[in-house]
Every structure is written in C-alpha cells, then in structure tokens.
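Each protein sequence line maps, in turn, to chains B and L.
Per the numbering used here, the very first residue in the first sequence carries number 7; after that it's consecutive.
Per the numbering used here, the very first residue in the second sequence carries number 7; after that it's consecutive.
No wet-lab data here; the hints were simulated from the structure.
All clues given are correct.
Below, in silico cross-link-like pairs of lysine-lysine (DSBU-like), each with a Cα-Cα straight-line distance of 30 Å or less:
1. L:317 <-> B:306
2. B:317 <-> L:306
3. B:306 <-> L:306
4. L:306 <-> L:137
5. L:322 <-> L:306
6. L:306 <-> L:317
7. B:306 <-> B:322
8. B:79 <-> B:33
9. L:144 <-> L:306
Which chain L residues face chain B? A few, computed with CB under 10 Å, are given here:
10. 391
11. 442
12. 462
Here a beta-carbon is modelled for each residue, glycine too, at the ideal position from N, C-alpha and C.
There are 2 protein chains.
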Amino acid sequence: MNATLQEHLLPEIRQRETPAALVDALKARFAERCSTALVIREQHGRDESSFVAPPPAVVVFAESTIDVSDVVKLAGQYKVPVIPFGVGSSVEGHLLAVQGGISVDVSRMNEIVAINAEDLTVTVQPGVTRKQLNEAIKSTGLFFPIDPGADATIGGMSATCASGTNAVRYGTMRENVLALQVVTASGSVIRTGTRAKKSSAGYDLTRLMVGSEGTLGVMTEITLRLYPLPEAISAAICSFTSIEAAVRTTIEVIQLGVPIARVELIDANTVRMVNAHSNLALREEHLLLMEFHGTPSGVKEQAELVQELAKAQGGKDFEWASTPEERTRLWTARHNAHFASLQSRPGSRAIITDTCVPISRLAESILESIAEADATGIPYYLVGHVGDGNFHFGYMIDPESAEERNMAESLNRRVVSRALALGGTCTGEHGVGLHKMDFLVTETGDGAVEMMRSIKRALDPHNILNPGKIFAL
Amino acid sequence: MNATLQEHLLPEIRQRETPAALVDALKARFAERCSTALVIREQHGRDESSFVAPPPAVVVFAESTIDVSDVVKLAGQYKVPVIPFGVGSSVEGHLLAVQGGISVDVSRMNEIVAINAEDLTVTVQPGVTRKQLNEAIKSTGLFFPIDPGADATIGGMSATCASGTNAVRYGTMRENVLALQVVTASGSVIRTGTRAKKSSAGYDLTRLMVGSEGTLGVMTEITLRLYPLPEAISAAICSFTSIEAAVRTTIEVIQLGVPIARVELIDANTVRMVNAHSNLALREEHLLLMEFHGTPSGVKEQAELVQELAKAQGGKDFEWASTPEERTRLWTARHNAHFASLQSRPGSRAIITDTCVPISRLAESILESIAEADATGIPYYLVGHVGDGNFHFGYMIDPESAEERNMAESLNRRVVSRALALGGTCTGEHGVGLHKMDFLVTETGDGAVEMMRSIKRALDPHNILNPGKIFAL
Numbered sequence: 007m008n009a010t011l012q013e014h015l016l017p018e019i020r021q022r023e024t025p026a027a028l029v030d031a032l033k034a035r036f037a038e039r040c041s042t043a044l045v046i047r048e049q050h051g052r053d054e055s056s057f058v059a060p061p062p063a064v065v066v067f068a069e070s071t072i073d074v075s076d077v078v079k080l081a082g083q084y085k086v087p088v089i090p091f092g093v094g095s096s097v098e099g100h101l102l103a104v105q106g107g108i109s110v111d112v113s114r115m116n117e118i119v120a121i122n123a124e125d126l127t128v129t130v131q132p133g134v135t136r137k138q139l140n141e142a143i144k145s146t147g148l149f150f151p152i153d154p155g156a157d158a159t160i161g162g163m164s165a166t167c168a169s170g171t172n173a174v175r176y177g178t179m180r181e182n183v184l185a186l187q188v189v190t191a192s193g194s195v196i197r198t199g200t201r202a203k204k205s206s207a208g209y210d211l212t213r214l215m216v217g218s219e220g221t222l223g224v225m226t227e228i229t230l231r232l233y234p235l236p237e238a239i240s241a242a243i244c245s246f247t248s249i250e251a252a253v254r255t256t257i258e259v260i261q262l263g264v265p266i267a268r269v270e271l272i273d274a275n276t277v278r279m280v281n282a283h284s285n286l287a288l289r290e291e292h293l294l295l296m297e298f299h300g301t302p303s304g305v306k307e308q309a310e311l312v313q314e315l316a317k318a319q320g321g322k323d324f325e326w327a328s329t330p331e332e333r334t335r336l337w338t339a340r341h342n343a344h345f346a347s348l349q350s351r352p353g354s355r356a357i358i359t360d361t362c363v364p365i366s367r368l369a370e371s372i373l374e375s376i377a378e379a380d381a382t383g384i385p386y387y388l389v390g391h392v393g394d395g396n397f398h399f400g401y402m403i404d405p406e407s408a409e410e411r412n413m414a415e416s417l418n419r420r421v422v423s424r425a426l427a428l429g430g431t432c433t434g435e436h437g438v439g440l441h442k443m444d445f446l447v448t449e450t451g452d453g454a455v456e457m458m459r460s461i462k463r464a465l466d467p468h469n470i471l472n473p474g475k476i477f478a479l
Numbered sequence: 007m008n009a010t011l012q013e014h015l016l017p018e019i020r021q022r023e024t025p026a027a028l029v030d031a032l033k034a035r036f037a038e039r040c041s042t043a044l045v046i047r048e049q050h051g052r053d054e055s056s057f058v059a060p061p062p063a064v065v066v067f068a069e070s071t072i073d074v075s076d077v078v079k080l081a082g083q084y085k086v087p088v089i090p091f092g093v094g095s096s097v098e099g100h101l102l103a104v105q106g107g108i109s110v111d112v113s114r115m116n117e118i119v120a121i122n123a124e125d126l127t128v129t130v131q132p133g134v135t136r137k138q139l140n141e142a143i144k145s146t147g148l149f150f151p152i153d154p155g156a157d158a159t160i161g162g163m164s165a166t167c168a169s170g171t172n173a174v175r176y177g178t179m180r181e182n183v184l185a186l187q188v189v190t191a192s193g194s195v196i197r198t199g200t201r202a203k204k205s206s207a208g209y210d211l212t213r214l215m216v217g218s219e220g221t222l223g224v225m226t227e228i229t230l231r232l233y234p235l236p237e238a239i240s241a242a243i244c245s246f247t248s249i250e251a252a253v254r255t256t257i258e259v260i261q262l263g264v265p266i267a268r269v270e271l272i273d274a275n276t277v278r279m280v281n282a283h284s285n286l287a288l289r290e291e292h293l294l295l296m297e298f299h300g301t302p303s304g305v306k307e308q309a310e311l312v313q314e315l316a317k318a319q320g321g322k323d324f325e326w327a328s329t330p331e332e333r334t335r336l337w338t339a340r341h342n343a344h345f346a347s348l349q350s351r352p353g354s355r356a357i358i359t360d361t362c363v364p365i366s367r368l369a370e371s372i373l374e375s376i377a378e379a380d381a382t383g384i385p386y387y388l389v390g391h392v393g394d395g396n397f398h399f400g401y402m403i404d405p406e407s408a409e410e411r412n413m414a415e416s417l418n419r420r421v422v423s424r425a426l427a428l429g430g431t432c433t434g435e436h437g438v439g440l441h442k443m444d445f446l447v448t449e450t451g452d453g454a455v456e457m458m459r460s461i462k463r464a465l466d467p468h469n470i471l472n473p474g475k476i477f478a479l
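Bound-form chain B, shown alone (with noise of 0.2 Å):
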C-alpha cells in the first residue's frame, strides 16, 4: 500500500486481534467451510475499489440464515469485526477488512426461497446475482429492473442501495425492496417489512438496512418487488458534437414527464475506448442511449417526442433496436465501459465519482467537471445515468503514483464540493464505504452524522459489524 493511501485511510486501519480460540470455534462449527489460507483471504480483502488493505483474518462460507448467526455470535463473543461478502464488485472498499476479522461469504445463499408471480414479489437469499434471478423469473413474464452494471449480488446491492440504468424508470433498491430477514448484531434474526406494497407500520427498518453497506446487520432474506415485462421495448442510441446536447436533451425529457426506462450518457472518449475493447463500431461521438418502455404505440409515442428533442439540440444518427440482440448490443457499450476504460490503460485502477444532482444542475455540474479533468490531462472514462442526475467520472491512475492518486483525489473533492453547491448528494448509488466519509459530513452535517452514530451504537454496540465504513466511530 502506498503511503498516500495509508494515510487517507488510516484513522480506519486499525486491525483488531482476531483470536485464536475464535478461529478454533469457527474452524470447529464450520470445518472446510471455514479458511484462512492467504489466497482465500486474499480474494474477500479486495474489491473493484482502488483501495488496498490488509486481508481478513478469517473467511466462512455461510449456507443458512443460522450459518451467518453463529459466525456473527462468535464474532460477538470476541468483539472481531464480521464484514458481508458477495461478488466483491463494491467500488468504494466496502469489503476491507480495515480492522481485521471475519469476512462471511454468502455466495452460496444463493436461493430463489418463492417466486410470487401473482404479487409482482420474489424472496431470495443474499448471494443470488441480478442475472440469476431474471433467469429465474424468466417464465413468469416479470423482471427486476435494478441495473447496476456489474452482477452484484442482491445482498449487495441492496446494503449499498444500488440503482443503475433503470432507476429513472423504476426506482433505485430503496423503493423496491420490501421485507427483510436480517441477521443483528446480537445474532438474532428479526424480519422487517412484509410483502404487502405498501405499509406504515413503525419504524421504516426495511429502508434503514437498505444502504446501510452491512453496519447494522447481514441480510440473509431480501423480498423485492418485480414488474410485468414490457409489452414493447425499443431501445436507441443518438450522437452529439457536444456533451452539453446530450445533457440538455435528456432535462428536457425529465422534465416533460416521458417515462423513458433508461437514458444513459456516454462521452466520445470512453465510446474510443469501447469500440477498441469490444469490438464495436459505434460512431465516436458522445452518445445517449436509451430505452422506452410500454405498450408499441406507447413506446412508439414515447421515442418520437424524445427524437425530436434531441433533433432540436443537433442530435444526430437515431439508430434503433427493437430485438433483444440488438439491444444486447447496444447495451454492451455501457456495460463494458468500466472495465474496456481500465484495459486501455493496462495496470490501472479507477477512482470513481458518483455524484447526483437536481435535474437542472446536471449541465454545469457535468461540464465544469470535464474542464477540471480534461486540464489536468489525467485519462478518464464518462457515463451517466443521466435521467437522474447521477455521473461517473473513472479516473484511470496507476495505483502506484501518489501523484496521479491525488490529482485524481483533488479531481474528485471538486466534483463533490460540486454538487454538493448545487443541492446535489456526493453519492447516487456506490455508497459511502471507506471513501466518502469526510463528504458525507459535508453534505449532511455533523448533527445528521451523529444521529447515525448514535443508531450505530444502539444497535451494534461493540462495532463489529463492518466497522470501519459511512462515519468514523
């Protein structure tokens, strides 16, 4: 780790002592299920962040709600840290094992427990990856829309309250996931929610898990709510000279009221770098993509009003997708941006921004961040859930240059102070982790951040569940 690094997260690295006798305890009640070979650690000590830090001293791999409330149990007996492990595709070091302890893995929870077609609901294990359910469900003619990008895990997802592409549309995990089963810090499993669609009985605990990345309890049981597929789909992509274009067409579409599914942006610099990656030949301009949703004559409707916005702001080159491979391929693009960005620059690691911002603030907040970036001459990738507000810069730096790691840094620091300017949050959707922990208290303010704490406190009063992450301690 480099010395920059080790002194951003520093007041967090803190590794606690993990016991002995509690590895025994653990090895005794969970056997081969139960690791602490380098490699293993290894693999659950890292995720898509840039960060690194010491692996966890411990890995379990969990089957059962009960498998995750004994290790959690024992993590209690000995005060040693438990942090949640999915798919590892956290990009703000959520996964660290900042202060030592156990990293539970709950890929293996990876059930569908039932499919309620009839109440547009699913109740699944925590390991179970977007892509599997759909698979699932395929037959019932529903989907969960939450697109994130990458196949996080739904655990994962909904500890970070993740979004992504369909969120304009359909919400991010906040408004989709309705009941848990939630293993505390105590060990006990309590259930929150119900699979009614709405409710207001006590206290929202199903919202306070979301987003809470795994500091007051492991889900071990997430019920989410499912759409009926589209009669129609179409999806597009159109071309501008210039990102503000792009950006003031889609306002205009936000603000008309269009229920479009998606609308993605994507600057000419990172569509260069798609195209080299994924073989693709899309013209390398800055791009919209986007994707209507409904009936055909709705969608049909839909698709016209939004061309001719995008015609009156010079948008060019309407090309549509209606089957599901074509759609395929357009999406391809935005889902390869990440990692086709990272390849141009082999050894690279990104530093990714997240902001949000009210719809009409999301020009200035983009195009004052290209300038700041494009002076610094520090390579980036762009793309953006723009329907939104929410954007990711990826400054690509070698992790190994404290120089590059703190343009980045300083880069990022803008972009927040930013948004944060324009009423704006410094995180749509990777959440706090290790990394957002000094803009949280900007946004919010220390009252805010103290009521946090004091509901850390309360419900997990030795601090072993993912400590370390949203707020100092």
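Starting from the known structure of chain B, arrange chain L on it as the hints suggest.
For chain L alone, kept in the frame of chain B given last:
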C-alpha cells in the same frame, strides 16, 4: 372515557406532571402563543379517532424552526412530552396527550419555502396542507399527487407515511419525501437528504423519520417530489353487482401492469350513504372509481383495456368524466365517504381498519371481512385503495357503548389477523398510533419492535417525543 377504552389504553395513559415552572418558561418565551385555556387544549387533545384522553397541559403555536427547537429544549429540561399538531386529522390517536405535556401546533408554519419547478421539487413548512400546496404550484404545470382524502398537513402526512388514492401510480410519502429539516429530542436542528432524486449517502434518516409519528423528531421543513401535470386525465366509474367482480377487475389491472393513477372501491352501502349526504345520484351498486393519466392516446389505451377487463367481470355503466368539474363530482363521492357515513348515524364515531395485502389475496381478504361484519349487524362503510391492496372498514359505533366498541374491535382484530396471515400489514397508511401497538408486534415480531425501541431510546433518551405511540417503552 368509557371503561373499555380506558382499559385498552391503560398502559400508555400515565400522565406525567407538567411543572408550573415549565409553563411559566413557555409563557415567558411565547407570550400569547402559549395557551393553557381549556378550549384550546381540548382542540389539541383529540383527532378523528374514536379515542379520548385528557388534553395536553399546554399548547404552543410555533411559527419557526427556532420556536420548535425552543419548545423541545424546554420540554427536555423538564422531561415532559411534546406532541406535534397540524390539523388534527389523524385517525389513530397520534395527537392524543396520553402522557400529558405540550402540544406544539405547527399549523402557522405554513410557508412554501422554495419551488424548484425545473427540478420537480418543492420545499415546504410542515403546516402547509396538500390543497394549499397544489394551489401554490398550480402555475408551474406540476402537481403533488399524494391524496389521503383529508386536507392534511404535509407534516402530518410525512409523520404517518400517508398515501391514499394516487399511491398506486405515484407511491406514498416514503417515495416522495426527498429531504427534511428535523428538530431532534435535544432541540438541535438537523438536515437529512438532498434535492437530488436518489442518494446512497449513509443511513436513510429521511425514511426513518417518515412514518415515525413524531416519536423521533419534529419535522420543520419537508422537500417533496413533484410531477408534471399529465397532458390528459380521464376519470371513470363502473358499477358491479358483486364486490368480488370489482376486486377481480382491479387485481387483473395491476397484474397486467396498467399504469392506472387511481382505482378506488366503494361498496354499495357506502354509495347509498354518500348519495344521501352529498345529493348525488350514483347507481347504488359497488363502484370502482378510476383515473388515468398520460398522453391522450395513452389514456385512451389504458381506459379501453380496463373497460374490457371490467366488462369481462360483469362491470357495467362505465361513466366517463374528462372535464375537471365532472371529475370533481365523481371524486366527491370518495372524499366524502367517511363523513357521509358518520352522518348517517348521528353521534357515531368510526373505528377504522387499514390493512394492506399482497394484491392476489385482496379478494379473499375483503370478502371474508365483509361476511364477518355483516354477521354482526354493525353499520359500516367500506372503501379502498384497492390497486395497492389497501382497504378500510369504518365500523360506526356509539362511542358510549362498550358492547359496540368491543364488537368493532373484535372485527378489526379479525381483519388484521387475516391480513397478516396473507402476508400483509396491519396498517397500509394510517400508522400505528395508539391503536395498533399489539398488532405491530404480531406483524413484525418482538425482535423488530425491540430494534425500534433501541433506536427510540438512543435518539430520545428521556422519551419526550410523542411518547406512548407505536410501542410501549
């Protein structure tokens, strides 16, 4: 208060003393805006529920966040309860001073703080009512859809996680409150959320406050999402000779994913009471009231599909209303149902059920509950936001009759037990208040309620914020 009720509420009725020194301090600070007159206290000591309790010891009319903060600080100093009051439209006893203390009336805090039309957001003080809000934003082409029937305050609607007729399309207060300013139990002022459409920035304090019924803080500013007024709105009523046919039509509409904006059930008996009260001439059969929002062709398409589904179930006499006046006439029936019914039995009060079930279980949930109510002979009205699986019986009792109250409460218990057995909730939108504390434990389990208590104790250690509601401490 009759013996049955006394007994029912006994655990929570334990008046704390309000020291004269506190009243003196409040009078010194608020002068004529602090009242101990019995008539004022009694106005603030009742709501639309059937419960009675001693009035608060003192009423303070707050005009600013600082006013609220000062009331809470003084209350904290003397460990005396503070109960926020808007227009008194709670149906669950939220406003009752069961432990004595101060009613802080926020109805004068009724300013529209900021209209951000280009971002589809508005910020208001808690005493703004929903009709006032929609009047204030009329010229922007936007509207706030949540409509619980009563012209409640935005503060009260947020505190109870209200919803109502439009929730089937636009969600509840949970989905439509973006940010809050809150006075905490210590009297400090915090902010939660931002004006961005989504965020993953730490614990979701906004959603924790929404639905917390004044027990965790007093909201002093509320930022809401707004929506573009639909290009076309069309309302319709359709009559059915059986409730089952009306409900089955609704279930199919939802399962097919029709984006209907409102779908309300009124049973034939209630239609009769509404006709008599409001001088209407609606066909005295079971009614579905529906509303469609969208483009002209989209609305037409939705309406045609729904009409087809209704006809297949024997629905008849589709009556359409496309002018605002005609729509108002149709919706009058729905909005007046509660008061029209109460007036049909002068002196009566309603004990109101509020269950919400997964949509596929709606028919059995309603039909069995009707059979039980009919068997007792108790007069009732039946209305429902059936598209969400949410419906209300109002059992109209003589409030002095212990026998009638017992009968109504017994019916209510059976309605709730059935809803819980079907995977639903004891309260879709009214909140727990005084009335559903036992049901909450049955619904969510001891573990979840204990977690709620831990949060309450951490955030309000002296239990001064609306004590005795949601759960016993």
